[in-house]
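Visitor: Sequence:
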Amino acid sequence: MPREECFYGTPPGSVCVSLLGERMRWFWPELKNQSVLGLGGATPYLHVLGDASTLRIGANFGAMRSNVVLQRGSCCVVDPASLPFEPQRFDRILLVHALQGRESPLTVLRSAARALKDDGRLLMVVPSRLGGRARLRLTPFARDAAFTRPGLRQLLAAAMLRAEQWDEAVFLPASQVCRTLRRGRQMDIAGKVLCPGGGSLILVEAVPEMYSAFSLPVQHKEGWLARMRMPWAGMVGAPRAGKTP
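Each residue of the sequence shown is one higher than the one before, counting from 12 in this note's numbering.
Label pairs and their calculated CB-CB ranges:
(1) N44 to R121: 21 to 29 Å
(2) K203 to D90: 31 to 39 Å
(3) C206 to A156: 20 to 28 Å
Source of the hints: derived by calculation from the structure; they are not laboratory data.
Keep in mind the model is a prediction, meaning the values are calculated, not measured.
Virtual Cβ for every residue (Gly too), placed ideally from N, Cα, C.
Work the whole structure out from these sequences, hints included.
Guide: Take a look at the structure:
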């Protein structure tokens with residue numbers, strides 16, 4: 012499987028960046044004087060967002076590297092569980108190749124949520140569980156964790172984020188879609204008309220919402236609570252039904 016920097020240095024990788032970049036700009040058409048953080052492998056996509064006034068920072072995880080040079084921005088390597096940024100630092104956060112099993116997805120999203128402003132927005136690109144990774148096998152997305160839309164809603168809510176807008180891309184195998192930008196556009200337009208919900212990639216935009224947070228399911232929670240239940244008044248020493256003192 013090609014590494015991120017190898018794929019994005021090829022013609023299919025450039026087409027992929029341009030194709031997804033158009034969908035990202037649909038979410039964020041105006042980023043003048045705003046700050047954008049790209050997490051995971053999002054650095055190749057940052058240059059398609061904003062303008063010369065936009066501050067763009069690429070934060071890669073672990074051994075992941077990028078040869079992309081950002082204008083008015085910088086790149087760094089970070090621990091996904093503990094981002095080195097002050098709380099509420101960024102207007103926008105983009106996650107691409109951020110969920111590849113290095114850390115729990117919830118850990119990564121909670122770290123990102125802490126660095127997001129109260130009125131900020133987070134955009135995540137992940138493969139669909141409906142055969143998405145199979146169609147993306149010649150790209151780095153094939154190693155990313157795959158999700159359904161309900162699964163993403165639950166994960167985002169546990170990270171105190173609320174999903175607001177959705178999109179999808181790459182309806183056919185990436186080897187066909189990423190040949191030329193024009194071909195990729197045509198295939199995606201046809202896919203959205205003929206097979207809505209069948210895209211290989213899910214794009215979801217989320218916003219902070221503190222009061223919508225809830226925990227992910229916990230196994231055997233009812234049994235644990237039963238063991239901790241305290242008797243109420245009148246129960247201690249009370250005779251069992253059908254018996255006399």
